[in-house]
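Participant: These are the residues of each chain, in order.
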Amino acid sequence: MTVITQAFTQAAQHRARALGLLEHPVVVIAHPLASKTRAQVQHLAHDSVAEVVRGLVSPMAGASMASPPPSQTRDIGARASRLHLSGTVSAINDDFDQQGWTDGLPIIPPTEDLVVAMLETSPVCAEQVLGRLPPLDGTVTVEKVAINAVMAGCKPAFFPVVLAAVRAVLQPQFNAGAITTTTGGAAPVVIVSGPIARQLGIHSGTAVLGSGHRPNATIGRALRLTMRNLGGATADTMEKSTHGWPGKYTMCFAENAERNPWEPLHIELGFAPEVSIVIVVAARGLITIVESSQETGIGDLETLVSAMRGEGISGYSYQARGASPVVVLGPEHAVEIAAAGLGRKEVKEYIFHHARMPLGKLRDRGHWGARSWPEAWEHQPDDFLVPLVTDPDKLILVVAGGDGRHSSWFPAWSATQRAVEVIAADVRPT
Amino acid sequence: MVGTTQSSTVLHPAAEDVAEKHRLAPRLSSLQGTTVGFIDNHKRNANVYLEELGQLLQAHYGVARVVTYRKISQSMPTPGEVLDQLASTCDALIHAVAD
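So the protein lines, in turn, are chains A and B. Those letters in the first sequence? Residues 486 to 915, by our numbering. Those letters in the second sequence? Residues 3 to 101, by our numbering.
Just so you know, not all the hints are guaranteed correct.
Looking from chain B toward chain A, a few residues come up when the C-beta cut is under 10 angstroms (computed) [as the list claims (entries may be wrong)]:
#1 L30
#2 S31
#3 G35
#4 H44
#5 L59
#6 A66
#7 V68
#8 S75
#9 M78
#10 I96
Just so you know, the hints here were simulated from the structure itself, not pulled from any lab data. Beta carbons are placed, not taken as given, at the ideal position from N, Cα and C, and that holds for glycine.
Taking the hints into account, I'd like the entire structure generated from these sequences.
Facilitator: Right, dumping it as structure tokens:
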């Protein structure tokens, strides 16, 4: 049986249903638990113990211990149902919105011809099962991804990138289920590195993290619609972000190959120059900094790392899982830093050594009560400098953006590890 | 185009899985002498709640022993081997507290 606070009632019901446990006993106590005093929490235990005992020793009301009704499971890899709708495109949009199948923006109705065209660029067949997407464990077929890519507005040429991103979030260490159910507002950030970025026009320059670039907007959106519709990432079921951020709609961009002073990201990660990859991380948001007064690359880095410190940054309490914060250097900053003699490795080491917080500043703040870090740090004094990550290679460094002396970083959501997938080649022109 | 009336066949975009239904484990006839397992999800105060609940179950309901596994993070699933071990050594299992 499960004990939850009131705020998680719907999530528990939907998860139990997805597991086929319609009779799962749940005891609901007052929300929130975390801000209550010890005495108040103990009082809740006294108030709920009788209900807990009933859940363990007596049948649930209306529940039978006899065999459950026969399941009507679908065949693995079954094709999507065809829905016959009449009305305007607006009416279809209204219908999809009411079903909870959109992100609030209008969608392109996924008609058979559009889905077939999308599937033509797929390296694998429509029935191929890519996995099951938590938290509600929907079966992800290539066809279902294509449907969501049509809805998002993707051109068929973008589909191999969408498929790679979906495969990435299905990797177990990415922890896609908790990315939806966390109150921490995590959203996937899709970074494309390799020649396909230029081939498809995935934007990497001016306003790279903003709007106006169809590949960026629709590839990221297709991933999010897939997570919504196959994983159950909806606010009335499993989505529990206190705030969330616009990355929950879409966040996809490429490295600026022309203005990157270093080797490309995919080569740093060990891939051949002709290979293209997606790197997907889960981030809690986007923080931008300006540094237009310093005259050296070191000055740029000093300002950047100062914006990576703070008591409320969850990564300082959650290094054990090995999440990857992403630092996006604007090209002007990157060139200045390179001119100071630093390569990718040196920049990451600089950030590793300087993005640190004194342990005493973290005590009893942020996620202190649920910290998950190396055991040895428990015995360190208050002036011990706690790093944001335990290893410089957990950091992802990307050069992207246009003119101007600005850079950004995505604070990682912490109970995740990045996922990398190679994008299947043989992409047709747009 | 937006205002054009049409009849369309569109493809269902969401999961159409039908969960295989599972029967609950038989409820216990009594808690007398039982071992109850707790999965503490590591949220602040989950341990306080479960410690108190464990004491109450032992003091007033005959539970012989309480076994606790604390997740490394509330956002990480409990490993399958831990679940298997708890299932094989406990008469009942309580997961708390989603908050």
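Participant: Could you tell me which of the hints above the structure violates, numbers in ascending order?
Facilitator: The structure breaks hints 3, 6, 7; every other hint is satisfied.
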